[in-house]
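Student: Each chain, written out:
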Amino acid sequence: MIEINALSKNFGKLKVLNNVHLTCNKGECIALIGPNGCGKTTLIKSILGMVIPTGGTIKFQGNFITTNHAYRNHIGYMPQIGRYPDNMTIGQIIEMVKEIRKSDSFLDEDLMQAFDLKNLINKRMSTLSGGTTQKVSAILAFLFNPDVLILDEPTAGLDPLASELLKEKIILEKKKGKLILITSHLLSELDDLITQIIFMQDGTVKFHKTVEDLKLTTGEERISKAIAKILKEQKQ
Amino acid sequence: MNRIIKFIVLDILKNKIVLVYTLILAILSWSVFSLEDNSTKGLLTLLNVILLIVPLVSVVFSAIYIYNSSEFIELLLSQPIKRAKIWRSLFLGLSLSLLLSFFIGCGIPILFYAPINVGIMMLMVGLFTTLVFVSIAFFSSIMTRDKAKGIGIAIMLWLFFGLLFDGLVLFLLFQLSDYPIEKMMVAITAFNPIDLARILILLHLDVSAMMGYTGAIFKDFFGTTLGISVAFFILFLWVLIPFWISLIKFKKKDL
Numbered sequence: 001m002i003e004i005n006a007l008s009k010n011f012g013k014l015k016v017l018n019n020v021h022l023t024c025n026k027g028e029c030i031a032l033i034g035p036n037g038c039g040k041t042t043l044i045k046s047i048l049g050m051v052i053p054t055g056g057t058i059k060f061q062g063n064f065i066t067t068n069h070a071y072r073n074h075i076g077y078m079p080q081i082g083r084y085p086d087n088m089t090i091g092q093i094i095e096m097v098k099e100i101r102k103s104d105s106f107l108d109e110d111l112m113q114a115f116d117l118k119n120l121i122n123k124r125m126s127t128l129s130g131g132t133t134q135k136v137s138a139i140l141a142f143l144f145n146p147d148v149l150i151l152d153e154p155t156a157g158l159d160p161l162a163s164e165l166l167k168e169k170i171i172l173e174k175k176k177g178k179l180i181l182i183t184s185h186l187l188s189e190l191d192d193l194i195t196q197i198i199f200m201q202d203g204t205v206k207f208h209k210t211v212e213d214l215k216l217t218t219g220e221e222r223i224s225k226a227i228a229k230i231l232k233e234q235k236q
Numbered sequence: 237m238n239r240i241i242k243f244i245v246l247d248i249l250k251n252k253i254v255l256v257y258t259l260i261l262a263i264l265s266w267s268v269f270s271l272e273d274n275s276t277k278g279l280l281t282l283l284n285v286i287l288l289i290v291p292l293v294s295v296v297f298s299a300i301y302i303y304n305s306s307e308f309i310e311l312l313l314s315q316p317i318k319r320a321k322i323w324r325s326l327f328l329g330l331s332l333s334l335l336l337s338f339f340i341g342c343g344i345p346i347l348f349y350a351p352i353n354v355g356i357m358m359l360m361v362g363l364f365t366t367l368v369f370v371s372i373a374f375f376s377s378i379m380t381r382d383k384a385k386g387i388g389i390a391i392m393l394w395l396f397f398g399l400l401f402d403g404l405v406l407f408l409l410f411q412l413s414d415y416p417i418e419k420m421m422v423a424i425t426a427f428n429p430i431d432l433a434r435i436l437i438l439l440h441l442d443v444s445a446m447m448g449y450t451g452a453i454f455k456d457f458f459g460t461t462l463g464i465s466v467a468f469f470i471l472f473l474w475v476l477i478p479f480w481i482s483l484i485k486f487k488k489k490d491l
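In order, the protein sequence lines correspond to chains A and B. Just so we're aligned: 211 in this note's numbering is position 211 of the first sequence, and the numbers increase by one with no gaps anywhere. Just add 236 to the spot in the second sequence (first one is 1) and you have this note's numbering.
In short, the hints are calculated from the structure, not lab data. We put the beta carbon where it would ideally sit given N, CA and C, even for glycine. No false leads were mixed into what you were given.
Which residues of chain A face chain B? A few of them, derived with a C-beta cut under 8 Å, are: (1) 48; (2) 51; (3) 52; (4) 69; (5) 70; (6) 73; (7) 77; (8) 85; (9) 97; (10) 99; (11) 100; (12) 101.
Bound-form chain A, shown alone (with noise of 0.2 Å):
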């Protein structure tokens, strides 16, 4: 489904992403992670389109994105710091993209009605504080149905309850045999999630493994301890 060629991304003299090379397919979950400032947000960026590469192609279903946006109407995004328009409501910003996305098919309020938003619906996003920002997003994320969903750091901020329904609404996606990217630093969260594991540092991908073959040449059953080997194992 996304198929990424020798990216690499420069910000001035630092490098970012360094030849990058990644496909992720339907169905997968895959849990991106790494040190802080791997590139992480930057590949995802790139994803996206809102970080143009230095070098490098992605492919999304085959297409090129940088000649085709209309790429983005099958990606959900939730952002790890998501900003909003100061001076709008909730209710507004989600009518907004509503209407841009001008999409008839059935909308997903799942985590609206979890979330318990419908109160909050005219507060400003200004007002709002970061957690309650973090289940806008999510929900934009997940209203339109998208074929691919790409969280980062989807539950820091949230509280325990609430990326908990989180975590449900992933499983429940995944099901249905979407194509989930999530950046996360809690390890220990993904458990139950993923299926496959991106391991990045200083902007290259260091390995792209399923979570069975992880844990069977690292001989452990938790993927943080599994990772934390492998890590040790680098180092020495």
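Let chain A serve as the given structure and place chain B on it in line with the hints.
Tutor: Coordinates of chain B only, in the frame set by chain A:
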């Protein structure tokens, strides 16, 4: 595209500044015209107001608005919309609202009191000046991510075109007064949209005593129909080029 423009125009109208701007322009225009018994005199007074206030408000308001829209732009970018469309819609939304306020504030009194050639010309010039400075605001705000710097650049450009440029031209004229530089001066005017606008009006008002030094020389050129067409074409380029440069930069910008 209409949807995004609609959101932007509504947002700008909600932000009361444009309404206040309209009101100020209206008060100025109506009072100028009712104080002077001669509408030509009224136009002349109004000209100086238009050539100072309109560019200033257009450039500063637009620049601030563009910076404040960064969240809005980011939100739209993750939606299936072309980058160029977002930027163009922002330009059209801002231009439409400012053109509308100029038309209501100044245009209506002008059409009411001075529905003559000069009046129409003044209206056109005012509308074009608005567009030019919205375009310049887009140019200056794409140059830097720093809001203070971007707005600073916008104000500097306004100062340059509104005040400094004339001084420089005057200086040139005195320094090179021994040479036949009149033709070159016509070309130099093209580099300042405000001067261009001023000359266009002054030549139609036939008040050479009130003319700036730059204006006096060009009667021959700008008096003709060809001259006027060329002047408007150059004003049009002034709208197009800064915005076009900003559009190219915006397409490559990382957000």
